[in-house]
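Trainee: Make a model of the complete structure from these sequences and hints.
Next come the chains, spelled out residue by residue.
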Amino acid sequence: ELKVEQNPLFLSMQEEKNYTIYCNYSTTSDRLYWYRQDPGKSLESLFVLLSNGAVKQEGRLMASLDTKARLSTLHITAAVHDLSATYFCAVDDADSWGKLQFGAGTQVVVTP
Amino acid sequence: DTEVTQTPKHLVMGMTNKKSLKCEQHMGHRAMYWYKQKAKKPPELMFVYSYEKLSINESVPSRFSPECPNSSLLNLHLHALQPEDSALYLCASSQDWGGVTDTQYFGPGTRLTVL
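Protein sequence lines correspond, in order, to chains A and B. Each residue of the first sequence is one higher than the one before, starting from 1 at the first, in this note's numbering. Each residue of the second sequence is one higher than the one before, starting from 1 at the first, in this note's numbering.
In short, the hints are calculated from the structure, not lab data. The structure displayed is predicted, hence computed values, not measured ones. Just so it is clear, CB atoms sit at the ideal spot from N, CA and C, and this is done for glycine as well. Please note that the accuracy of each hint is not assured.
Subject to a maximum C-alpha distance of 25 Å in a straight line, what follows is the list of computed SDA-like cross-link-like pairs (lysine to any residue) [to be verified]:
1) B:K41 <-> A:Y22
2) A:K41 <-> B:S20
3) B:K40 <-> B:V12
Just so you have them, the derived chain A footprint on chain B, three or more residues with Cβ under 8 Å [said to hold, decoys possible]:
4) 30–43
5) 107–115
With the Cβ distance kept under 8 Å, some of the chain A side facing chain B (calculated, not the full set) [claimed, not checked]:
6) N18
7) Y33
8) G98
9) K99
10) A104
Mentor: Below is the structure:
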């Protein structure tokens, strides 16, 4: 059974500093997604990572995937207030492609 | 256009009521999904439809009944719900089910309260 672990679960960030969120998963998969969710809102797709070594960047966010280590990271550079949200990683289950297993989510709060 | 729409945005219902949630997408996607999300938790998959056929039912109680009338529409019929069913219900769609590049796009959700 695929298990996905995210850490930390809560991250208090200072503006202009750098931080990393980690996503570990338990079984083979080379499809990983990062989503953002603002309070009371839906999920917004941030990145799709589909192969070992994949790296995607958008603004202050950069995501990478190491399928051998079964690890993805979401790196935040020079945090700003509007990055405050909950970030979820989701792994596509290789035993049932299309069935996403979500991590618990990382609640990010950025303060001055 | 990567929009998935859901109606209603909010729904309050009693345990004896029958109601329906509606989801619509016009992206030509062939896979549609229902998720349930409790507060401060990740979404949990309920159902997957692929080419208008039910492909996955994650052992969801029968008081939740999905329906896919056509490739653009997905309904979730609710009957005799319990207070613990109160949650945000999210619909999603993707180009295909299980395809290599199939990002799931989520709708805004229906906030359901069962009294």
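Trainee: Going back to the hint list, which numbers does this structure go against?
Mentor: Going through the list in order, the structure violates hint 6 alone and respects the others.
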